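Enquirer: In order, the protein sequences belong to chains A and B. Using my numbering, you'd call the opening residue of the first sequence number 1 and step up by one each time. Using my numbering, you'd call the opening residue of the second sequence number 1 and step up by one each time.
Please keep in mind that the hints were generated in silico from the structure rather than gathered at the bench. It should be emphasised that the depicted structure is a prediction, and the values quoted were computed from it without experimental measurement. The beta carbon of each residue, even a glycine, is placed where N, CA and C say it ideally should be. One thing to keep in mind: the hints can contain errors.
With the Cβ distance kept under 10 Å, some of the chain B side facing chain A (calculated, not the full set) [what the hints assert, rightly or not]:
#	residue
1	G389
2	P429
3	G440
4	D492
5	G495
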Amino acid sequence: MRLLVSFAFVALVACMAVALRAQEKNPFAGDARVAKLGEYQFRSNCAFCHGLGARGGGRGPDLTRAQKHHGNTDAEIFHNIHDGITGTAMPAATNGGIGVGMSDEEIWQVVTYLRSVEKKATAAETGNAAHGKELFYGTAGCGTCHMVSGKGGRLGPDLSSTGASRSVEYLEESVRRPSKRLATGLSEPMKDFSQEYETATVVTSDGTKLQGVVLNEDSFTVQMLDTREQLHAFEKAKLRSYEKTRESLMPAYDAKALPEKDLKDLIAYLLAASEQGGGK
Amino acid sequence: MKSVSTGSGGKSRFLASLGMAALFVATTTAAGLFAPQASAQVTFERLLNSSKEPQNWLMYSGDYAGHRFSALDEIKISSAASLVPKWAYQTMAGGKFETTPLVVDGILYGTGQDDRVYALDGRSGRPIWQYQRALPVDIRPCCGRVNRGLAILGDKVFVATLDAHVIALDSKTGNVVWDVSAAEHAKGYSFTLAPLVIKNLVLVGVSGGEYGIRGFIDAYDAATGERKWRFYTIPGPGEPGHDSWEGESWKIGGSPAWITGTYDPATNTTFWTTGNPSPSNRGEGRAGDNLYSNSLLAIDPDTGKLKWHFQFTQHDQHDYDATQVPVMIDEGDRKLIAQANRNGFFYVVDRTNGKLISATSYAKVSWSTSKDATGRPVPDKAAVPTPEGNRVCPGAAGATNWMSPAYDPQTKLFYVTAREQCDIFATAPQPYEAGHAYYGSAYFPNDEAQPFWGALRALDPATGKLKWEWNHTSPAWAGVLSTAGGLVFTGDAEGNFIALEAASGKALWHFQCGASVYSSPMTFAIDGKQYVAVAAGSALFTFGLP
Numbered sequence: 001m002r003l004l005v006s007f008a009f010v011a012l013v014a015c016m017a018v019a020l021r022a023q024e025k026n027p028f029a030g031d032a033r034v035a036k037l038g039e040y041q042f043r044s045n046c047a048f049c050h051g052l053g054a055r056g057g058g059r060g061p062d063l064t065r066a067q068k069h070h071g072n073t074d075a076e077i078f079h080n081i082h083d084g085i086t087g088t089a090m091p092a093a094t095n096g097g098i099g100v101g102m103s104d105e106e107i108w109q110v111v112t113y114l115r116s117v118e119k120k121a122t123a124a125e126t127g128n129a130a131h132g133k134e135l136f137y138g139t140a141g142c143g144t145c146h147m148v149s150g151k152g153g154r155l156g157p158d159l160s161s162t163g164a165s166r167s168v169e170y171l172e173e174s175v176r177r178p179s180k181r182l183a184t185g186l187s188e189p190m191k192d193f194s195q196e197y198e199t200a201t202v203v204t205s206d207g208t209k210l211q212g213v214v215l216n217e218d219s220f221t222v223q224m225l226d227t228r229e230q231l232h233a234f235e236k237a238k239l240r241s242y243e244k245t246r247e248s249l250m251p252a253y254d255a256k257a258l259p260e261k262d263l264k265d266l267i268a269y270l271l272a273a274s275e276q277g278g279g280k
Numbered sequence: 001m002k003s004v005s006t007g008s009g010g011k012s013r014f015l016a017s018l019g020m021a022a023l024f025v026a027t028t029t030a031a032g033l034f035a036p037q038a039s040a041q042v043t044f045e046r047l048l049n050s051s052k053e054p055q056n057w058l059m060y061s062g063d064y065a066g067h068r069f070s071a072l073d074e075i076k077i078s079s080a081a082s083l084v085p086k087w088a089y090q091t092m093a094g095g096k097f098e099t100t101p102l103v104v105d106g107i108l109y110g111t112g113q114d115d116r117v118y119a120l121d122g123r124s125g126r127p128i129w130q131y132q133r134a135l136p137v138d139i140r141p142c143c144g145r146v147n148r149g150l151a152i153l154g155d156k157v158f159v160a161t162l163d164a165h166v167i168a169l170d171s172k173t174g175n176v177v178w179d180v181s182a183a184e185h186a187k188g189y190s191f192t193l194a195p196l197v198i199k200n201l202v203l204v205g206v207s208g209g210e211y212g213i214r215g216f217i218d219a220y221d222a223a224t225g226e227r228k229w230r231f232y233t234i235p236g237p238g239e240p241g242h243d244s245w246e247g248e249s250w251k252i253g254g255s256p257a258w259i260t261g262t263y264d265p266a267t268n269t270t271f272w273t274t275g276n277p278s279p280s281n282r283g284e285g286r287a288g289d290n291l292y293s294n295s296l297l298a299i300d301p302d303t304g305k306l307k308w309h310f311q312f313t314q315h316d317q318h319d320y321d322a323t324q325v326p327v328m329i330d331e332g333d334r335k336l337i338a339q340a341n342r343n344g345f346f347y348v349v350d351r352t353n354g355k356l357i358s359a360t361s362y363a364k365v366s367w368s369t370s371k372d373a374t375g376r377p378v379p380d381k382a383a384v385p386t387p388e389g390n391r392v393c394p395g396a397a398g399a400t401n402w403m404s405p406a407y408d409p410q411t412k413l414f415y416v417t418a419r420e421q422c423d424i425f426a427t428a429p430q431p432y433e434a435g436h437a438y439y440g441s442a443y444f445p446n447d448e449a450q451p452f453w454g455a456l457r458a459l460d461p462a463t464g465k466l467k468w469e470w471n472h473t474s475p476a477w478a479g480v481l482s483t484a485g486g487l488v489f490t491g492d493a494e495g496n497f498i499a500l501e502a503a504s505g506k507a508l509w510h511f512q513c514g515a516s517v518y519s520s521p522m523t524f525a526i527d528g529k530q531y532v533a534v535a536a537g538s539a540l541f542t543f544g545l546p
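Assemble the whole structure, with the sequences as input and the hints as a guide.
Expert: Structural data, given as structure tokens:
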């Protein structure tokens, strides 16, 4: 009897081990208790970039979006946490990586937690994406500075996958009050620094005045894109003046400039673009 | 031979070139080109009198006082602008490269990521030998597979490893002379610091404050590797201070000692600092002051007995490790320890008795708004992490961290890399499980505020007042070197290695290393020519005058 029990236990453990290793299916799916453990793991290991409650931080996307840019299945999310995402700032959850590392079981706890906080926001429910696209490239003028799927300007962040990585509230705030929280270069293939779209005004030694966004900067040099989309690299000591502000070059669109319905349509367009795998 | 396998050259060719290098070293040494001393033997006498041979860098902080100051002055204010790279050595490893190398009689001894150790020709950067620890898969380095350097005595160099071993290597061959295990690495014990040699003993302090270890400082016989004493940084039952822990929490209370200490030969006292209690960001379950976490410890190096202690942060809940080099400063008759602490205060303590002399904030502080009768800042209840999150300054990375400060006896200034950042601390309770992360809370930058930033700050230790600061574009993780040439050297997160005027903070020169600097620089001289060295990315760079 005792032998049988322990055999059953071994078999159970072996099954669990296979399930964990196979990395296909979440062994804890839907378990609210595990989701709570996952929340604590998430806070310790992930919140630094993805924010408390997985709503997105300065660097990491909002993970409560049902449509995730780098894969939606349990297996894909597990893989992305376990191994990191090449070409982005997302590191592998192994020792020496983010936080203090997570075991496979702890990663599944995090996946369970993420599923428990997911919110669906689809283009169709939000507004009229087709009208949003007209606004984007037309009267709202977004396309002058922003690109979606290769079409548009370069001065602001590429918005091809922003719909999948930022909450609707965040997107609304970015349109209404663009300077409140400067956009971080989230959707570009990540560098090991985060671009913040600060505004720079430069007067060169010959008196030429340029305005644009800072692409990168250190104590001695600045690399920027001016409003005519020309790249510049300067040694600060050789400039007549260099000023940087956290006031975005993007105009604030109030309800007069962009009525609430048009804003919803615009965001519906961004959601639709990322649902189609925009920028992928 | 524990050579790192090489790329195109192949092993035999590498060995042949090693042989050549060894032969070259032997001949040149014999000809007296390298060595002011006839032998490369490093005696305790030489360590005690390290200031008499500034061409060498004999221990992690340069001297027993922890000054990270060099009397070399060939590179000076008037010539710094013409510094050029002399050579670079590539470890070919990823991750943070935190080493401060040693230089003895023309040979440079350094460590690298994943517990690499190497000896190089200090003039050319050519390897003489290389050692690579075979690390087990179940090590638990909290914060990168890093190592900060070596200690040397006689003809051995000593390295403390990520799998919690202490190893002596033959300084001429890299062969293992002895190898002892200090603790169970799978339970979260590891070493990242450079050991400190005092007399015939090799002192090390353990890392693992993120894993619920019980911290300790060990001393090993340099000749045999036999452990001579262990000082547990958490008192056991019946020992003074044990009652500063609730219940059984002392067994998993952290208090690591992961930065190299200093030593006062006049009183035969070694000074060590300790890190956070575990779990680092949650006080529930460990009520009390949690001695000797976040403390300065004065220890008899012969016996490991505690002489006195001073606790910087009682019952810490913000990861304010006190693991910054405790710098010995003499002011007239006063024998002091100065420390710019991770908690944002600059402390001056009498090193003969542990009495606090002053505590002055050198960065934005919100965790403490009051002081006790001795002048020691005490934690505010309002700063305790909450489930919703509570904004506290400094953030978890601290107002500074492990990167070394420098004290310049000429300018009488204390130089420290400072960070201005507040974090939101939110609880994330978790049960203790051996070998698993044991934080107890999460922290992340407060994104509503201005972006965080950093500076190199020059403080007057007599008053704690700011003399000047050099603003970094973002917070830096590089330490500081000061030299008799009137210079301080530091690095930044944007990859620059920078020389500044020590008296004013004016930038005189910089070099773009191509990767963030996570190390504390040092300097040495060979044939009367001064070099400055710094690790960045995967490369150890040296610079000198053309």
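Enquirer: Now tell me if each hint is right for this structure.
Expert: The hints, checked one at a time:
Restraint check, G389(B) versus chain A: the minimum CB separation of about 6 Å is within 10 Å; hint holds. The restraint placing P429(B) at the interface with chain A holds, with a minimum CB-CB distance near 6 Å, inside the 10 Å limit. At its closest, the beta carbon of G440(B) sits 8 Å from a beta carbon of chain A; the interface hint therefore holds under the 10 Å criterion. Of the supplied interface hints, the one on D492(B) holds, with its beta-carbon coming within about 6 Å of a beta-carbon of chain A, less than 10 Å.
For G495(B), the suggested interface contact is upheld, since its CB lies about 7 Å from the closest CB of chain A, less than 10 Å.
Of the numbered hints listed earlier, not one is contradicted by the structure.
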